[in-house]
Amino acid sequence: MAPLLQIKDLNVHYGGIHALKGVTFDVDEGQIVTLIGANGAGKTTTLRAISGLLKPSKGSVTFAGKPITGRPAHEIVALGLAQAPEGRGIFANLTVEENLDIGAYLRHDHAGIAKDKEKALGLFPRLKERLRQSAGTLSGGEQQMLAIARALLTKPRLLLLDEPSLGLAPQVVKLIFEIVKTIANDGTTILLVEQNAHMALKVAHTGHVLEVGALAASGPAADLAKDDAIRKAYLGVH
Amino acid sequence: MKTLAQRVPELTPGLLPTLGRSIWPFLAGFGFAYLMQVGIAPAVGEFYGSLLVNIGIAIVLAVSLNIVNGFAGQFSIGHAGFMLVGGNAAAAIVYYGSIKLWGSPEIHGGFLGPGELLLVAGCVAGGLWAAFAGLIVGLPSLRLRGDYLAIVTLGFGEIMRVLVTQTGPQLRGKDAAEASWFTLMTKLNGNLGFSNPQGAYLDPQNPFWVWVFVSILLIVAYRLKSSTHGRALLAVRENEVAAEAMGVPTTRAKVSAFVLAAFFAGIGGALFAHELGSTLKPDPSTLGFQKSFDIVIMVVIGGMGSITGAVLAAVILTVMPELFREFDQYRMIVYALALIFMMILRPQGLMGLRELWDTSWWRRIFRRGGAS
Amino acid sequence: MSRLVDVFLHALTQGSLYALIALGYTLVYGILRFINFAHSDVVMVGAWVSYTLAGVFGWAATGSPAIAMPVVLILTMGICAVLGFTIERLAYRPLRRAPRLNVLITAIGVSLFLEHAGRLDAVFGPDPVSMPKLLSEEPLFHIAGVAVPIVDATVVFLAIALLLLLEWLVYRTKLGAAMRAVSFDERTASLMGINVDRVVSITFLIGSALAAAGGMFYGLKYGQLDVTAGSVWVLLGLKAFVAAVVGGIGNIRGAVAGAFLIAFVENFMATYASPAFQDAYVFAILIIVLLVKPGGLFGSVTREKV
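Chains as they are written, first to last, in the numbering used here: chain A, 375 to 612; chain B, 4 to 375; chain C, 337 to 642.
For the record, the hints were derived by calculation from the structure and aren't laboratory data. From a predicted model like this one, the values you see are computed outputs, not experimental measurements. Warning: the hint list may mix true and false statements.
[Said to hold, decoys possible] With beta-carbon atoms standing in for the labels, derived distance ranges:
#1 A248(B) / A412(A): 21 to 31 angstroms
#2 A248(B) / K629(C): 43 to 53 angstroms
#3 N242(B) / I624(C): 50 to 60 angstroms
[What the hints assert, rightly or not] Here's a subset of chain A near chain C, in silico, CB distances under 10 angstroms, partners left out:
#4 R422
#5 S425
#6 G426
#7 G433
#8 T436
#9 P446
#10 H448
#11 I450
#12 V451
#13 A458
#14 F465
#15 G477
#16 A478
#17 T528
[Said to hold, decoys possible] Covered stretches of chain C, going by a simulated chain A footprint (3 or more residues, C-beta under 8 angstroms):
#18 346 to 352
#19 508 to 514
#20 517 to 527
Don't be surprised by glycine CBs; every beta carbon is placed ideally from N, CA and C.
Kindly generate the complete structure, drawing on both the sequences and the hints.
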């Protein structure tokens, strides 16, 4: 079976800065793949390039066998590739419910949307209480839940998560990663970008380490977690 | 071996050389103006002489606007309002002043041109009045960003226009001689425009003062740009928050830009008012936002922040309408399209932030063999 | 007493005109954070297009059929919607990522272009014209002895109806939610599958259509259409813009509230204080609001992100 997402030799330039230098990796269907690395390594840039927010200067991105390099973001979402972006990206001027509904913007199956909404609210019961509230009043953790729930409502085959643990308390982080596992078990493939390498490698099947725009290491997550160099650099072990 | 601190006295130039270095450009400016007066003006005749005067005034307006729009990056589109204030103040001072000093509004005295001591006084006073208006306009600018500031400056231009239209009719003869200055300042002839039917203080044959003011402004502008204060303005233009964080007094910088620009716009308006006497008046109908836009177009096309650019654009956009007189109804359409295309294709205008000596061919001529 | 009623009614009508135009400014600003300087020129084009259409259909004389006004209105709104769409597509979209100042200058360019192109003989010509009377001059009813012309009643009714329609669109439909999402965060909106370019275009279509309605009814109310490069249109647009700012730019209800506020202040001050400073009052309000509460009556102050 061909991988769901194939990234080949991806290069991205911000003006004169070479942010991604020939990144290549695959994401197989049903897996949780994580991309870890320090601040500024290029993780968010990678996700932006995949989702169509950035145009790569070289290289290709293939999703479900179709080339999506350089296509506009809204078209890529229609193909089944959704993202919960860095910083949550929720619409503070809309209510919680309106945020969820916006996730289903491209869908027309009202019954299906209602069912998925129920499922999402089941995963995140905290949101159920706040449906009519303005999304800007939610706490950081609740906003992250909303961002993920909203992305799920696009009914994606592949979900990109950009630093879901950023700025959240450890308890909430644990909760978020539990949910990530649940979503994956339900059949959604996940590409997880994280600075919190410890949690990311615990929950993922495969891991890739990004260093200053290039892949430094790849392999099964468990192996990476045991690797000395990685432990020293990213897992805070002396 | 002396330390640098010990060497300061011998490194500091004396008073005389410093003064000399500061003043010689102004003397050169006077010389240039004199040359224009006695050399060029008689040689080129009526039509081109008048064109040259118009070019001079346009340069004053464009370069002064460049200080606000280009250096400080504050998009002001009410420049004609300052022209109106300055022009009216100057015209009133010259006209009423003639009556008060010499009993009649005719032109008196002057060795380089008719009545020019009063004219210069009028211009400077007009500039000061305009500068005061600039202070009033500049103060709200502390709070406002780009788009809002533009609208407010446009609004101020309109308010100034409305205020001038409400002034009383021009006083003549005995009425003028007997009225107090306070009263006279409110008698600017409203919408009809203040006129001096006695003749021209500035005409194609007497462009001296136009070029004096042009030279002064160019020197001031150039010195400003390369000074600390000018750098502060440019910093504010680039990123106001960062400039503030670096210790630049942004509010003071912005207001000072407005005031300086308004001062020279007032002088421009004063010159405009006295050109050819009664045919061009500082009246609200000709100095509205259309005129403001004309000046803005010059600055944008020349390159906001470039003095050379502003001069170039002023020259081009004053000469072209004359060359293409028959196509006058298309003039603004061409300008408008030029503006749109410029923004899409070459937003930095002709010169960007560069000056003449920053361009590659100047370097090639004057620095051959040297390092780039 | 009747003078009071007269001024009140006039303010109500003028407020409705301002509202129609202000909505266009506020919609575009909400979505793109950009003051569409050329908006007042779409108003102008609307007035002139409706004048031209009325002539084309031969409805220039009094006593035109009841169908005349709605037909001309719909056609005018349609034509101007296309105009607004075209302007955005050609002049503003290429500058979507450029510094805001550049777009402002471009907008000034578009504005000047429309004004002066309209002046050409081939287009609308350099002379003022009389607007044909598409609505009967008979008063609709009387209040306190003051006749209420059909024109006035129609404008007020139309403004309120369009406002309600817009409210429904923006707050109760998927498209409206998309518009609000784009106005908050364009990038994330595209991650929801929203075609941002299309949403922007639709916004311009709506805003321009409303402007056209404003222009046409301005002509119907005041009878005389001044030259396209005249200050009438700039001032009209400027006042409507002030209304939008006063109400809180980006806020639909605010735009309408601001419009009526401006109209009432302008008219009452002009009648009971000094009429000469009519324009100045409006600008004075703008400056005061921008200094005291820049977010406007209903708006919120967005902090500048570094």
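Numbers of unmet hints, in rising order: 2, 3, 7, 8 and 18
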